[in-house]
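Taken in order, these protein sequences are the chains called B and S. Numbered according to the numbering used here, the first sequence spans residues -3 to 419. Numbered according to the numbering used here, the second sequence spans residues -3 to 419.
Please keep in mind that the hints were generated in silico from the structure rather than gathered at the bench. Treat each hint with caution, since some may be false.
Repeated chains share a single entry, so a pair holds when one copy, or any two copies, can fit it.
In silico DSS-like links for lysine-lysine, alpha-carbon gap of 27 Å or less [claimed, not checked]:
#: 1; residue 1: Lys58; residue 2: Lys278
#: 2; residue 1: Lys27; residue 2: Lys58
#: 3; residue 1: Lys339; residue 2: Lys226
#: 4; residue 1: Lys278; residue 2: Lys55
Number of protein chains: 2
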Amino acid sequence: MTFDSLSPDQIQSLHDEQLGAYRTLQDAGLKLDLTRGKPSPEQLDLSTELLSLPGDDFKDAKGTDTRNYGGLNGLPELRAIFAEIMQVPVDQVIAGDNASLAMMHDTLVFSLLRGTPDSPRPWAEEDEVTFICPVPGYDRHFALTEQYGVKMVPVALNDDGPDMVAVRELAADPSVKGMWLVPTYGNPSGAVVSEAVAAELAALEAAAPDFRIFWDNAYAVHHLTDERTKTADIVGLCAASGNPNRAIVYASTSKITFAGSGVCFFGSSEENVEWYLTNLGKRTIGPDKVNQLRHARYLGDVEGVHQLMEGHRAIIAPKFEAVLEILRDRLGSHDIATWSEPKGGYFVSLDVPDGTASRVVELCREAGIAMTPAGASFPYGDDPRDRNIRIAPTFPSIEELRTAIDGLATCVLLAAAEQHLRS
Amino acid sequence: MTFDSLSPDQIQSLHDEQLGAYRTLQDAGLKLDLTRGKPSPEQLDLSTELLSLPGDDFKDAKGTDTRNYGGLNGLPELRAIFAEIMQVPVDQVIAGDNASLAMMHDTLVFSLLRGTPDSPRPWAEEDEVTFICPVPGYDRHFALTEQYGVKMVPVALNDDGPDMVAVRELAADPSVKGMWLVPTYGNPSGAVVSEAVAAELAALEAAAPDFRIFWDNAYAVHHLTDERTKTADIVGLCAASGNPNRAIVYASTSKITFAGSGVCFFGSSEENVEWYLTNLGKRTIGPDKVNQLRHARYLGDVEGVHQLMEGHRAIIAPKFEAVLEILRDRLGSHDIATWSEPKGGYFVSLDVPDGTASRVVELCREAGIAMTPAGASFPYGDDPRDRNIRIAPTFPSIEELRTAIDGLATCVLLAAAEQHLRS
Chain B
-3 MTFDSLSPDQ IQSLHDEQLG AYRTLQDAGL KLDLTRGKPS PEQLDLSTEL
47 LSLPGDDFKD AKGTDTRNYG GLNGLPELRA IFAEIMQVPV DQVIAGDNAS
97 LAMMHDTLVF SLLRGTPDSP RPWAEEDEVT FICPVPGYDR HFALTEQYGV
147 KMVPVALNDD GPDMVAVREL AADPSVKGMW LVPTYGNPSG AVVSEAVAAE
197 LAALEAAAPD FRIFWDNAYA VHHLTDERTK TADIVGLCAA SGNPNRAIVY
247 ASTSKITFAG SGVCFFGSSE ENVEWYLTNL GKRTIGPDKV NQLRHARYLG
297 DVEGVHQLME GHRAIIAPKF EAVLEILRDR LGSHDIATWS EPKGGYFVSL
347 DVPDGTASRV VELCREAGIA MTPAGASFPY GDDPRDRNIR IAPTFPSIEE
397 LRTAIDGLAT CVLLAAAEQH LRS
Chain S
-3 MTFDSLSPDQ IQSLHDEQLG AYRTLQDAGL KLDLTRGKPS PEQLDLSTEL
47 LSLPGDDFKD AKGTDTRNYG GLNGLPELRA IFAEIMQVPV DQVIAGDNAS
97 LAMMHDTLVF SLLRGTPDSP RPWAEEDEVT FICPVPGYDR HFALTEQYGV
147 KMVPVALNDD GPDMVAVREL AADPSVKGMW LVPTYGNPSG AVVSEAVAAE
197 LAALEAAAPD FRIFWDNAYA VHHLTDERTK TADIVGLCAA SGNPNRAIVY
247 ASTSKITFAG SGVCFFGSSE ENVEWYLTNL GKRTIGPDKV NQLRHARYLG
297 DVEGVHQLME GHRAIIAPKF EAVLEILRDR LGSHDIATWS EPKGGYFVSL
347 DVPDGTASRV VELCREAGIA MTPAGASFPY GDDPRDRNIR IAPTFPSIEE
397 LRTAIDGLAT CVLLAAAEQH LRS
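Chain B on its own, in the form it takes in the complex:
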């Protein structure tokens, strides 16, 4: 029962049926928010212990007083845990404050105003600086490059990573200085960059000697199934390919412990780490080491991180299942929409009929269901096909989520029917 196989009368009848459902939805006076990938209170409760740590014992394993100034690269024992997760030697890991986005920002700013170790000049002195943006992607990445006038060029993000034909072509342009990438459980599609694609990225011929991959491994350990997907070792692959400074790995505990009060990490080559610290040392004397100690004590080791993530999975996997179940039930028979079935991460990516995503989001909003704006997953907020919608299932309760996704499905069908009736 695809829309194309329906007669005009059948479409009209489907439209009227969905319009009825939509009016009921509006009458319900909902106020649901699926805009952002926020952990739910139940997830945050998993780490309640953090709220009373570290207690009176404020010294790290080496005896450093974490309360005082210093320690620019962060607490050794916490860096050790994340070095393992990030597959980077501990000396090449920096632990920061509560936002890996801030580390990406600062990397960009240092590159713009000072240049990287491989730059002939600061990026701000180039006529043009371009970033490759796999789409759909993370809106805050794109907002950051847009903020500083970096030109963004989209390439398709396939199931195994970015479209390498397009990437290779773009990288031949010396103005192309960088690339955004969420390698594991892409935001929003859940795509995982394969070993093969990672190796291609590492070996890629880039015209710019200072080409950088911002490898944002935000969901490195955020599995939704029994499969612990292993992220490709991009720093190792780059080194092996003779491009040691190409990749920078970012990670954070924002979706492990507390979204607003976690610790973030930067991992790369020795030279990049030294470069970053030299610049960072002008900005701050050091990170919040007490918070890092709190985290080191609470997490313990890598296995502690994985155990905590099992706790998250127990809370959020049923929410993802509910989303997929409702999408299948309501949209599966119509062949008008496709969606990701992610094995991890924080999102479901929904593609609706071309030209209707904005209308769907508008209908949702008018029924009290706030969705991420259509186009958000694209540079400049511009989804050329106006079809992609990002669903963030983690924050609402499962009952609210079911109501919201059922409402969303109604809006998808209604918008599709409207479009068919107009055409």
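Please build the complex by placing chain S on the supplied structure of chain B, with the hints as guidance.
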């Protein structure tokens, strides 16, 4: 008994006497560090309670879950406390993470790459950007502007603030975009900017429409006597003078609670705050609100801050007294050195005979007493008279401090005698 009134023999005898004392000092195998303005462990112990806060109650006064994302401008109840200290309406105060230096860095970066609300273009697109640097001043300020190629021009910092004749002259140059200033208990001289000088700065005719005063009120409540010196209300004065966006006030709890794990603050006009938040919102989703809640609970209110500062004073005022006592005893009769007698802040500024500061610091180092490098209080590390030495008395124990300052006095006398013998 000034050096000039001594005969060559008397100088030689003084030299030999001090050399003897210096050799004894070297033999003691000291390892003392007076380089940085770090709180002592005893001072940090005053805030031990913070290490177990906030406990299970993680909601702020409005019921916001501080563990989650959001709240870009910071926790309202903590901002309220510091709004009072900074003399800025609470809506015009932003609470950040652990380093006000980072806020100054970001203000500079946003100005360079995006321009201020009053800038015809981003500062990075100007041929030259110049900052006025009252000296002696804070080395980390100068390192920050140097990092980004901002030209620094020193002006004298008098007891009531910067030399306004020099400032007025410089501000007539449109490349002069800003000025560093520690208004209360200057680092290192302890100078306090008077109401009159502050009013002049606010009303100053600046050729650059986007001239900014980076008003780093790091020691706003850090009194060493019963006198609670009140900082001039620079934001109010600027508004009254028709230059509402001129001044930005920075503050932090680094030397109130924990040096490495405090909270910093930005206060300015409504327009500057909006500008800063718009830019900041691309860098981060929000600050560490749990740490802000911890601080709000612990400090309680402004009176709580003042009480805590009395605790600090009880610990550090005797250290400052010890420094002054030894300098008076050892150097007072020789008329070769002058020093500040600060009513607050973290430093004593010592001026030794012109051309000997580097030698004094070298002698100290070779005797195991680490001092801040000579020249550090000047842009580019260049003290044209090579005479200023910054003493940071807070971190060492009082016994270590006495040993170090006595050793420093020996080095001052020895270097002065060496110089006289050479001339």
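*So which hints don't hold here, by number, going up?*
Those not satisfied: there are none.
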